[in-house]
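Asker: What follows is each chain in one-letter form.
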Amino acid sequence: MARVRTGVRAIGAVLAAVLGASLAGCSATGGKRAEDARRAAEAQGRAAVDTPRWTFAMVTHSGDGDTFWDIVQRGAKQAAVKDNVKFLYAHSDEAQQQAQLVQTYIDQKVDGLIVTLAKPGAMKDVVAKATRAGIPVITVNSGSAESKAYGALTHIGQDETVAGEAVGEELDRRGRKKALCVLHEQGNVGHEQRCSGAGKTFGGALQNLYVDGTNMPDVQAAIEAKLQTDPSIDAVVTLGAPFADAAVQAKRTAGSEAEIDTFDLNAKVVAGLKSGDLGFAVDQQPYLQGYEAVDLLWLYRYNADVLGGGRPVLTGPQIITEKDAAELQDYTERGTR
Amino acid sequence: MTATAPPAHDRTGPSDERLLRTSPWKKLLGRPELGSVVGAAAVFLFFSIVADTFLRASSLSTVLYAASTIGIMAVPIALLMIGGEFDLSAGVLVTSSALVSSMFSYQMTANVWVGALVSLLVTLAIGAFNGVMLVRTRLPSFIITLGTFLMLTGMNLGFTKLISGTVSTKTIADMAGFPAAKKVFASFTVGGVDVKTTILWWIALVALATWILLRTRFGNWIFAVGGGAGAARAVGVPVARTKILLYTGVAFCAWISGQHLLFSFDVVQSGEGVGNELIYIIAAVIGGCLITGGYGSAIGSAVGAFIFGMTSKGIVYAEWNPDWFKFFLGAMLLLATLLNAWVRKRAEATT
Numbered sequence: 207m208a209r210v211r212t213g214v215r216a217i218g219a220v221l222a223a224v225l226g227a228s229l230a231g232c233s234a235t236g237g238k239r240a241e242d243a244r245r246a247a248e249a250q251g252r253a254a255v256d257t258p259r260w261t262f263a264m265v266t267h268s269g270d271g272d273t274f275w276d277i278v279q280r281g282a283k284q285a286a287v288k289d290n291v292k293f294l295y296a297h298s299d300e301a302q303q304q305a306q307l308v309q310t311y312i313d314q315k316v317d318g319l320i321v322t323l324a325k326p327g328a329m330k331d332v333v334a335k336a337t338r339a340g341i342p343v344i345t346v347n348s349g350s351a352e353s354k355a356y357g358a359l360t361h362i363g364q365d366e367t368v369a370g371e372a373v374g375e376e377l378d379r380r381g382r383k384k385a386l387c388v389l390h391e392q393g394n395v396g397h398e399q400r401c402s403g404a405g406k407t408f409g410g411a412l413q414n415l416y417v418d419g420t421n422m423p424d425v426q427a428a429i430e431a432k433l434q435t436d437p438s439i440d441a442v443v444t445l446g447a448p449f450a451d452a453a454v455q456a457k458r459t460a461g462s463e464a465e466i467d468t469f470d471l472n473a474k475v476v477a478g479l480k481s482g483d484l485g486f487a488v489d490q491q492p493y494l495q496g497y498e499a500v501d502l503l504w505l506y507r508y509n510a511d512v513l514g515g516g517r518p519v520l521t522g523p524q525i526i527t528e529k530d531a532a533e534l535q536d537y538t539e540r541g542t543r
Numbered sequence: 002m003t004a005t006a007p008p009a010h011d012r013t014g015p016s017d018e019r020l021l022r023t024s025p026w027k028k029l030l031g032r033p034e035l036g037s038v039v040g041a042a043a044v045f046l047f048f049s050i051v052a053d054t055f056l057r058a059s060s061l062s063t064v065l066y067a068a069s070t071i072g073i074m075a076v077p078i079a080l081l082m083i084g085g086e087f088d089l090s091a092g093v094l095v096t097s098s099a100l101v102s103s104m105f106s107y108q109m110t111a112n113v114w115v116g117a118l119v120s121l122l123v124t125l126a127i128g129a130f131n132g133v134m135l136v137r138t139r140l141p142s143f144i145i146t147l148g149t150f151l152m153l154t155g156m157n158l159g160f161t162k163l164i165s166g167t168v169s170t171k172t173i174a175d176m177a178g179f180p181a182a183k184k185v186f187a188s189f190t191v192g193g194v195d196v197k198t199t200i201l202w203w204i205a206l207v208a209l210a211t212w213i214l215l216r217t218r219f220g221n222w223i224f225a226v227g228g229g230a231g232a233a234r235a236v237g238v239p240v241a242r243t244k245i246l247l248y249t250g251v252a253f254c255a256w257i258s259g260q261h262l263l264f265s266f267d268v269v270q271s272g273e274g275v276g277n278e279l280i281y282i283i284a285a286v287i288g289g290c291l292i293t294g295g296y297g298s299a300i301g302s303a304v305g306a307f308i309f310g311m312t313s314k315g316i317v318y319a320e321w322n323p324d325w326f327k328f329f330l331g332a333m334l335l336l337a338t339l340l341n342a343w344v345r346k347r348a349e350a351t352t
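Quick mapping for you: the protein sequence lines, in order, are chains A and B. Mind the numbering: the first sequence is residues 207 to 543 in the working numbering, read in order. Mind the numbering: the second sequence is residues 2 to 352 in the working numbering, read in order.
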């Protein structure tokens, strides 16, 4: 064991040396220093209203570390600061777990609930329980068809089929003949709806390709393999922003001429649109989904206001191309688009 | 070859079966990777027939790339399994390694090589932690590395959110040292051909691991420790040191894979890597490593990774209905492993 201890001490010494050396080995470009220089300190948020401090909770079907839901949360938090609301958030990609999380918030007697209905069946009872307990519920993102029937006030989100249809139309407008729809989660209903929606309006042929979303090199190799097999594919549509870049690299290695398009935004997608690596992106404005949900719950509590007139309030699809990219760059970098 | 004197009666004649001369043919049949080589040949033939594009040079290089990203990790996992242990944290450790590297470079505005070096130390420390915990607590490696797996999954997300404010890292593509690091860890062009460096790393690691296993004292220790730790300790094998070194070996390869992830995509998603640990283990098992330890080879793990790469990409080349993707993958893997086991049984029967 003495040998182990000496080893630890040696590692410690090397670590200290490296930390010292890192101050010398600075990068002249990029990095945090550039970010700090670029952005002046943002003003601290302060509540704009003096309503009682209500507590709103949001429960989503997000997995761990999902960029999209990070942006939704950011929107919700900023609305909560402005509305003098305490905002709670929980998530689980298992339907049963998600329902249990909603139940815990009902037990805590929160003043408003925001839930997603990605797996509607599992959420039905618990949403009914919340409304029975007098807690107003707003559904976001997924479940526009079930929202009203389950007793929610409003649904805020994008209709996935409509979004898919918009993609199909845009592909037609760009004269594409054969498109590939890359699904990174097998069995996700929203993903299937997007691809089938695109297939519905697209004049050419559309094929699905399932990839393993937790393994980026595998995503790239799978798209590469598909493009090599079928050189007539002239468009690739990925369903999440991080996969667009993998598709761009796959296209390069496969020597394909296909245009890469994607759902959702992030800083890299915007940069890709700007440089021409990407054709277009379909944005459903996740920030708006979080922000509006909190704000509408506040409006309901304060003024009994309801938006949408019984119909879903759509936050997308918004087709974003090269000409919008410059404007959106700052917003994606701060994580709100 | 530890210091054990040969028994005296050995000199009298071939009364000991260990001293019998075996023909090269029989020696070949006794190799652990033989079954998987036959399996790989079968899978290769199969896809060459059903998929027209499979045999093209560009397609094969894609398959090789897919195999290499698994293979780099399957090598140390195979060694670890020969040594009788498991590592469930290997998949997320790759992501951790990439995250540390990226975030250190970004936050310190340091040259990306400095970040990579810090990441190497952190990753090796995590590997050593696994090993030290294992030999100190004497708990099964399944429990120890499951604990590390969960902690790393949480830390990947928690630290990334804490430090960069979002769930993915910021781009470091515009920072000093990036182009060179990209050449070393991702890809470079030679005469217009894009070469993925993972393939070179993979070949080098397989060669190194094979040399260690077959030609060095440490290699003997690995087999001894996996065959029976008690007996190994009795003949003077440093069991604890061997196991800790095996875990640091896994960590070192996780670092290479992690740097590949970072320098080929330049942004790292913190939630990645979960589930990959099983793929590495599957590759090692297909390649002839016994789950119980003491038997296996590095070349076998490479063949296992190659089978995995061929199957997962071959399905795409064959243009099968994607709804059945996972089913095909599972069936192919099962068939390859069964064939592997069958060949090995036949081989053992003839020796």
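Keep in mind that a hint or two might mislead.
Stated by the list, open to error - Partner residues are not named here, just some residues of chain B that face chain A (Cβ under 10 Å, in silico):
no., residue
1, Gly-178
2, Asp-195
3, Trp-212
4, Leu-214
As the list claims (entries may be wrong) - Capping the alpha-carbon separation at 20 Å, the derived lysine to aspartate or glutamate pairs in DMTMM-like fashion look like this:
no., chain 1, residue 1, chain 2, residue 2
5, A, Lys-325, A, Glu-241
6, B, Lys-162, A, Glu-241
7, B, Lys-162, A, Asp-418
8, B, Lys-162, A, Glu-539
9, A, Lys-315, A, Asp-331
10, B, Lys-327, A, Asp-418
What the hints assert, rightly or not - Some chain A residues well away from chain B (every beta-carbon gap over 12 Å; in silico):
no., residue
11, Trp-260
12, Ala-296
13, Gln-303
14, Gln-306
15, Lys-335
16, Lys-354
17, Gln-413
18, Asn-421
19, Glu-430
20, Asp-511
21, Leu-513
22, Glu-539
23, Gly-541
Worth flagging that the hints you see were computed from the coordinates, not collected in a lab. Note that CB positions come from ideal geometry on N, CA and C, so glycine has one too.
Asker: Check the structure against each numbered hint from earlier and tell me which ones fail, lowest number first.
Answerer: The structure breaks hints 3, 4, 5, 7, 17, 18, 19, 22, 23; every other hint is satisfied.
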